[in-house]
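Undergrad: So the protein lines, in turn, are chains A and B. The first sequence lines up with residues 1 to 270 when you count with this note's numbering. The second sequence lines up with residues 271 to 443 when you count with this note's numbering.
It should be emphasised that the hints constitute simulated quantities derived from the structure, not laboratory data. Some clues are possibly wrong.
To be verified - According to the in silico footprint, chain A covers these stretches of chain B (three or more CB under 8 Å from chain A): (1) 278-285; (2) 294-300; (3) 367-381.
Said to hold, decoys possible - Computed footprint of chain B on chain A, listed as stretches where at least three residues anywhere in the stretch have a Cβ under 8 Å from a Cβ of chain B: (4) 47-61; (5) 68-78; (6) 235-243.
Said to hold, decoys possible - Heads up, incomplete: computed chain B residues facing chain A, CB under 10 Å, no partners named: (7) Val307; (8) Arg308; (9) Leu321; (10) Asp335; (11) Gln336; (12) Tyr397; (13) Arg419; (14) Val426; (15) Glu427; (16) Leu434; (17) Ile438.
Backbone N, C-alpha and C fix where the C-beta goes; we use that ideal spot for every residue, glycine too.
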Amino acid sequence: MKGHPEEGLLQAYLDGEVSESEHVRVAGHLMGCAACNRTLDELGGLAAIAGSALAALETRRPDVEAARWRVRREAATRRRRAEATGWGAGLRRRVAVAASFFLLFGVGVAAAMPGSPLRSWWDAREPAGSPVVSAASAPEDAAGPTEVGVGLELRDGALDVAFSAVPAGVGIEVTLVDGDRAAVFAPEGAHFETGSGRIHVEVGTVRVEAGSVRVEIPRNSINGVVRVNEAIYLEVVAGDLSFPGPPPSTTGDVIRFEVPAAGTPGGTDG
Amino acid sequence: MNFDELFDDLYPGLHRYCARLSADADVAEDVAQEAFVRLLERKVQGEPARLRAWLFKVATHLIRDQVKIRENRWRLLEENPVLPHAHAPPDEVVERREREGMARRALDSLDERDRTLLLMREEGFAYREMAEAVGVQSTSVGTLLARARRRFGKAVEEIEGESLKERIHEGAS
Ligand SMILES: [Zn+2]
Numbered sequence: 001m002k003g004h005p006e007e008g009l010l011q012a013y014l015d016g017e018v019s020e021s022e023h024v025r026v027a028g029h030l031m032g033c034a035a036c037n038r039t040l041d042e043l044g045g046l047a048a049i050a051g052s053a054l055a056a057l058e059t060r061r062p063d064v065e066a067a068r069w070r071v072r073r074e075a076a077t078r079r080r081r082a083e084a085t086g087w088g089a090g091l092r093r094r095v096a097v098a099a100s101f102f103l104l105f106g107v108g109v110a111a112a113m114p115g116s117p118l119r120s121w122w123d124a125r126e127p128a129g130s131p132v133v134s135a136a137s138a139p140e141d142a143a144g145p146t147e148v149g150v151g152l153e154l155r156d157g158a159l160d161v162a163f164s165a166v167p168a169g170v171g172i173e174v175t176l177v178d179g180d181r182a183a184v185f186a187p188e189g190a191h192f193e194t195g196s197g198r199i200h201v202e203v204g205t206v207r208v209e210a211g212s213v214r215v216e217i218p219r220n221s222i223n224g225v226v227r228v229n230e231a232i233y234l235e236v237v238a239g240d241l242s243f244p245g246p247p248p249s250t251t252g253d254v255i256r257f258e259v260p261a262a263g264t265p266g267g268t269d270g
Numbered sequence: 271m272n273f274d275e276l277f278d279d280l281y282p283g284l285h286r287y288c289a290r291l292s293a294d295a296d297v298a299e300d301v302a303q304e305a306f307v308r309l310l311e312r313k314v315q316g317e318p319a320r321l322r323a324w325l326f327k328v329a330t331h332l333i334r335d336q337v338k339i340r341e342n343r344w345r346l347l348e349e350n351p352v353l354p355h356a357h358a359p360p361d362e363v364v365e366r367r368e369r370e371g372m373a374r375r376a377l378d379s380l381d382e383r384d385r386t387l388l389l390m391r392e393e394g395f396a397y398r399e400m401a402e403a404v405g406v407q408s409t410s411v412g413t414l415l416a417r418a419r420r421r422f423g424k425a426v427e428e429i430e431g432e433s434l435k436e437r438i439h440e441g442a443s
């Protein structure tokens with residue numbers, strides 16, 4: 001070996017990631033080179049520091065069983081969705097899927113599913129049979145302390161969400177979620193009005209932080225609209241999504257709109 | 271090995287990796303599960319070790335996207351910090367949280383590739399698999415890993431030094 005081996009090669013040597021011939025060469029060099037031995041020691045020390053520091057990063061112990069169920073269910077939903085073609089087939093299948101969801105994931109089970117900020121306060125809702133709608137402050141650790149959420153059960157898969165007095169520039173985030181419940185989150189102080197399958201939120205003059213106007217709609221919704229300042233931003237017809245309002249940006253299951261300025265369709269009121 | 275066995279075997283490790291990489295418990299759960307959903311969806315086949323590498327690679331890419339989505343939320347939470355409980359936690363809990371906070375800050379000071387390399391090596395992956403996850407040649411992983419560890423070590427040292435100084439300062443006042 002001409003000169004000292006590069007640091008990367010010493011690191012690979014340390015990690016057992018070199019070929020046999022490289023191993024022989026590096027080992028041979030190390031026999032007579034104090035400088036490289038020092039580097040090797042240093043690399044070993046750095047690995048130990050990294051190991052013990054990273055071990056301090058505690059992580060919540062996952063519920064493996066619930067996670068496995070969720071994965072299987074999600075994979076099955078997507079398979080069915082991919083299989084469904086055309087309007088009629090899509091609708092029928094969606095109804096079937098929604099029905100089986102209801103049977104499998106009755107009240108409580110769906111709420112216990114991880115991944116939704118709703119899960120910790122669904123349980124606190126009125127039992128089935130009482131008013132469809134409930135409002136509660138979202139728990140601080142889930143959604144920030146200044147947010148209020150309203151949950152809504154779909155009526156025959158239908159849903160109507162309307163926002164009014166939303167200032168220009170505010171982002172509205174729609175997330176497709178599992179289960180059969182919709183939810184709307186808005187800054188504290190917004191005025192909520194609810195009815196069967198319907199939520200109306202007057203955002204008004206409350207301070208709107210980015211990302212704090214959010215809608216969660218079940219991915220199995222059959223029919224529905226999300227309206228902003230009287231313009232339809234999102235429409236679900238027979239389970240298919242369309243966006244007649246301002247063009248959204250989409251990342252996975254998250255669809256984002258920005259309220260345009262006054263004078264443009266869907267823009268600020270007045 | 272059937273899917274359920276594979277899942278039960280690999281999920282906890284993948285979840286831990288995602289939690290460390292994303293620093294967000296919700297993202298970790300979503301991403302670790304999404305990786306498995308895609309495994310089923312795409313009917314990926316192979317030895318458990320290969321499937322494991324595939325899952326980690328997919329999760330690494332998903333976190334890259336997810337982190338951008340959550341940035342706003344983090345900012346919100348930072349501006350409205352959750353108030354501590356009224357009763358003080360025991361000293362050992364405080365100390366553990368401090369250690370964790372320091373490790374987190376040190377990790378956050380690295381760029382995404384360094385973080386990924388560090389954490390994947392910690393989960394026992396080979397250079398070849400790490401190279402694939404971050405999109406570099408296998409032959410450069412040794413160099414990149416050594417550099418990442420050096421940066422991380424330096425950050426840990428600095429952060430520990432700061433916290434020590436703070437404590438001395440507090441003690442003096
Ligand atoms: Zn040398």
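Undergrad: Which earlier hints turn out false for this structure, listed by number in ascending order?
TA: 6, 9, 16, 17
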